[in-house]
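Given the coordinates of chain G, work out where chain Z should sit on it, guided by the hints.
Protein chains: 2
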Amino acid sequence: MDEVIKLSHGEGGADTQDVIKNIFYRYFNEPHYNDLSDAYVFEAGQKKYSFTTDSFVVKPIFFRGGNIGKLAVCGTINDLVTAGAIPLYLSAGFIIEEGFPMEKLHLVAKTMGDVCKQTGVKIVTGDTKVVDKGSADHLFINTTGIGLVSEYYNPKKVEPGDEIIITGGIAEHGTSILLDRYDLGIEADLISDCSPLCNIIHGLGRNLRQVKLMKDPTRGGLATALNEIATMMGVDVEVNEQMIPMKSEVKSICNILGMDPMYLASEGRMIIIVAKGYGEQILQLIKELNHCNETRIIGHFTSGYHGKVYMKTWIGGKRIIPILEGQILPRIC
Amino acid sequence: MDEVIKLSHGEGGADTQDVIKNIFYRYFNEPHYNDLSDAYVFEAGQKKYSFTTDSFVVKPIFFRGGNIGKLAVCGTINDLVTAGAIPLYLSAGFIIEEGFPMEKLHLVAKTMGDVCKQTGVKIVTGDTKVVDKGSADHLFINTTGIGLVSEYYNPKKVEPGDEIIITGGIAEHGTSILLDRYDLGIEADLISDCSPLCNIIHGLGRNLRQVKLMKDPTRGGLATALNEIATMMGVDVEVNEQMIPMKSEVKSICNILGMDPMYLASEGRMIIIVAKGYGEQILQLIKELNHCNETRIIGHFTSGYHGKVYMKTWIGGKRIIPILEGQILPRIC
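Quick mapping for you: the protein sequence lines, in order, are chains G and Z. Each residue of the first sequence is one higher than the one before, starting from 1 at the first, in the working numbering. Each residue of the second sequence is one higher than the one before, starting from 1 at the first, in the working numbering.
Pairs of lysine to aspartate or glutamate residues, derived as EDC-like cross-links and limited to a Cα-Cα distance of at most 20 angstroms, are as follows:
| no. | chain 1 | residue 1 | chain 2 | residue 2 |
| --- | --- | --- | --- | --- |
| 1 | Z | Lys133 | Z | Glu97 |
| 2 | Z | Lys133 | G | Asp2 |
| 3 | Z | Lys59 | G | Glu98 |
Calculated directly from the structure, the hints in this document are not laboratory data.
Chain G extracted, bound-state conformation (with noise of 0.2 angstroms):
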């Protein structure tokens, strides 16, 4: 293991996963911690509630389509929804630099409220620390939620067959922080698609029953996610080139700058994994939720039972998308 922390061990792949196995898992004790959710459910009464964290980290803190506000409550809402959860409550800690602009803190905040008001999750606690200048860069913000698991959603072990489904455009949200952060010089109608994903619980309603599995394709993108699904799982996923839903911006943006949109943050994004022959179903009641009329059937899990990701290429070929190893783009959420 290295010496130090590098930034490669924040962001989401193989690295991250050796701080939390050797140092978090070891000293917690915490069996689910090998678990693939984002969140933790526990019961309480005859219900089951789901419970995860995210500190939000991003730089820029204002970018196009949104601020570190809005992402850090979108992020929350989003982990809640991948264990199946209606969000409930939030907590909110701010720890900020001294000097902070406190017209912007108003925005920040701002923000997150309409965000709240728009989904009906309410932020109940709170705590804010200040550190001196250069102690922080701006302002770092944790939120923590808590979700109602619905009653329908049964996470099962997935099965060669079972389809994948993405509710929109991969990689708007790095790309946008892309755009954001280096002086590129490059003009584009794109913004972040960071959004809170609750509407899928509430449209999917008795059909999350059909729904075995949900990740949201944030750090390391959806070749990160599909990995890490796969892995889990021990089987192997098949997806198709063609199907994958990508702004022509964010390829061509892509294609400049030499990053592979496959490893970029969506922050409004969320895969779906669904019993075979459910696929057609699931996607129709996806296609009419907000955020997600970009929904598509990407592809299915295969009898290869190697953990493995393919995909199968434009011209035909098939070639594996592996885990990623090292950094691509810091601090994107």
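This is chain Z only, laid out in the frame that chain G set:
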């Protein structure tokens, strides 16, 4: 209101209240933000749960008697206890500066795991972010917790005659941080009081019925906590200087440095407001608990209704203990 964030906005005093009221309360629109408690209480099934968050930015991250990890776990455990809850689950969100020694991360995580084993509290979900060198000061940790509120705990309005208990010597954490942060050349046999206080809930059991309110005197110390209680309740407080437990080391170090220990943080003490006539009974129960052998009744509520805190001094006088304005010692937690 100020145009930029100052260190005093994170000190827990009047300036922090300004930010909470003028920004967070305004946009998040949650009426219980006016509440005194650090924890939000919600119902699930037939039971009540408390939910609270805290980010930790203590400097230095290793100090006599603990480190940022111990503080992060104990701090949130104790905030849950203030709501009369048995702490159950914690989340842990790490923001780590690039280059942070892996060995230190092991030490911090091990301490967190140790407090969990000792208390039965579980860290069930986490998050790891890494920021580039210079963008954070070593390590920040957010912990957010869920606790089960005791069926015997029913916070009530305080009345004249209600008694005020503190569970041990004040200002030991703040004074320890002072000694370790600045190279003061003072040798002292003193460590931070940082410790988990969930045993108070177990130890009091049915006797929690006589407890009207609990609050931990962290940022801003005993003076700030008592002022918050007095202001919120609109009842005057009288504390007896001679009864306030304080180690001689704390007294002499504060004397040398010209600091008022009434405003320095404790991280393992609880202020317990007990119904008139029950002080002695509760005192005896608390005294038997770990970390609580110096428990004392330090004062009571009087028949004044100005929400002020008075201290009966050693020589028999009476003076106002004012609310903290500006900053005294930043980044103690």
